[in-house]
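Trainee: Residues per chain, in single letters:
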Amino acid sequence: MRALTFHGTKDVRVDTVDDPEIINPRDAIIKVTSTAICGSDLHLYDGVIPGLKHGDILGHEFMGEVVDTGSASTLKKGQRVVVPFTISCGGCFHCKVQQYSACENSNPAEKQDMSATLYGHPMAGLFGYSHMTGGYSGGQAEYVRVPFSDVGPIVVPDHMDDDKVLFLSDILPTGWMAAENADIQPDDTVAVWGCGPVGLFAIQSALVMGAAKVIAIDHYPHRLELARKLGAEVINFRETDVRDALMEMSGGIGVDAVIDAVGMESHGFAIDNVFDVVKQKVGIGADRASALKQAILSVRFGGKISIPGVYGGMTDKFPLGALMEKGIQLRSGQTHVQKYLEPLLALIENGTLDTTFLISHRLPLEDAAHGYKQFKEQQDSWTKVVLKPGMAA
Amino acid sequence: MKHFDKGHGVSAGSAAGIGLALGAAALGAYLAARQRPDEGGHGDDAPGRTARRNFGKYDVVGRTVTIAKPKAELFAFWRDFSNLPAVMENVEAIRPTGGGKGQAVWTIKAPGGRTVDIETEIVREIDNELIAWKSVEGSDIDTHGRVRFVDAPGDRGTRVTLVIAYDAPGGAVGKAIAKAFMREPETQARHDLKRFKMLMETGEIATSARRKNQVRSAKQENN
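Sequence order for the protein chains is A and B. In case it helps, numbering that gives the first Met the number 0 puts the first sequence at residues 0 to 392. In case it helps, numbering that gives the first Met the number 0 puts the second sequence at residues 0 to 222.
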């Protein structure tokens, strides 16, 4: 089959590789019809996530048709399914309390040591990411082997197009959980750093959850325009002093909740961020966290911070004093996708959530490497790239 | 791996001889006398194997996992030693030999495609709670193992604690065998226990391989 494979920093290619096959009883094989490039794929592309190997197939946002099933799969050939990027067994303690992204059984035993050392506990398995998360072949391919297919994938109705439901795989539940983690109350003013796909879905989710006002922060005009269309007020951080503006826009109290949808490759002009960039480039591996630092200083006393943005390592010059003295609560984590699939499918179906507005480009799988380059370099106009393996190149 | 680097595992000499005597006593006390896995005995309530000390000639590795299954089910799986190679990467086969003490021969993978056999016998067994075994007198490797099953709080299932102690005679042959028996023992015990948990909770052992013929190499790559 054809698949997008990793060959080094900023070097991805569409290669011919072995087709997957059923290995375990609960497996299914999915023929991919749509698969997206995620902002976190750019972290892999930029080489700032450890544990990738030559030839790894990337991609963790995908959907398609069931073409083969193991003896214990509950799926049937021909069904259309969206596959969560988190691989979850359904039987361990964490799955039973719906913390699916902390599944204890999906990362192969021999792959658990690195994250167990780094984080104190091993991570769950994720598609198309790092060998820290299992090294599973990803979805930017013609076919994918999906483990625990009786727990993960959701069957979608035929009348709903791929474009409408594809983002159930990651960014829609991620944006939704980000808003949920911000514990939004009806009169809250919520600030969202980063108007990439997750930030945009977090904005939309916060408004659905009843936030009085959502303020979106970015520096790409087109992305800010998309946020404004959703109903947010916007701040361009290249033109405006963000902290000053947020204080004014929240009546001098500070915003009630903040969402960091930027993560480890944050832009910024603060001096500590310049140091962080240098350290990341020379491989000392400090995460750049200027958006998060600004968020901590902007949120009110007793406020709430939610971090859907991806971080992989450590950071320094972290305003821990502000976090403590202001009594801030902070929530984060990889998304428990399986928990949100059914309710969010219903909200798409009844028109509450718009999931297609952010798609800027649809490309054949063969053009995936071009898609990565453009998504990385043209962030203003290339907001979301969907790859279609069936589309003529 | 640490345990071999520290040099108290397989080294010979008079100092080691003293350590051996003390070590055997310490290990005996540890493996046999303690009735509860959470019992401390060195001034706090932590399990003995987490102590910052060594057990003389023995290296001791151990790990606890919680498995969301009743202990009777887990005990029954473990008690049939022939089930264990499915989760133990470096154990090729375990054949019960039919003796009255639950004797079994473990065939362990060694470098260069060879294997090493170790005969063990069960030294203690409490139904649904504990199985302890050791290598028989005269084995190339002196090893003790114990697995304990304790109810976890509420409906969380069972806490399973595996402790393995091992020693090999001095000399190149002994070292080679020890290495074959437990390459990176702590890592291996952890992986084996994780695979046991996977098999019990999910009915299968997770692999990220894309094709069946890649499963074994994918496992060994990181082992």
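Just so you know, the hints here were simulated from the structure itself, not pulled from any lab data. Any given hint could be a false lead.
[Said to hold, decoys possible] Quick list of in silico lysine-lysine cross-link-like pairs, BS3-like style, CA-CA up to 30 Å: (1) A/Lys52 x A/Lys9; (2) B/Lys211 x A/Lys52; (3) B/Lys133 x A/Lys95.
Just so you know, these numbers come straight off a predicted model, no measurement behind them.
Trainee: The structure should be examined with respect to each hint, and the outcome stated for every one.
Mentor: Hints, one by one, checked against the model:
no. : hint               : result
1   : A/Lys52 x A/Lys9   : 13 Å, holds
2   : B/Lys211 x A/Lys52 : 20 Å, holds
3   : B/Lys133 x A/Lys95 : 37 Å, violated
Comparing the model with each numbered hint stated earlier shows that hint 3 is the single one that does not hold.
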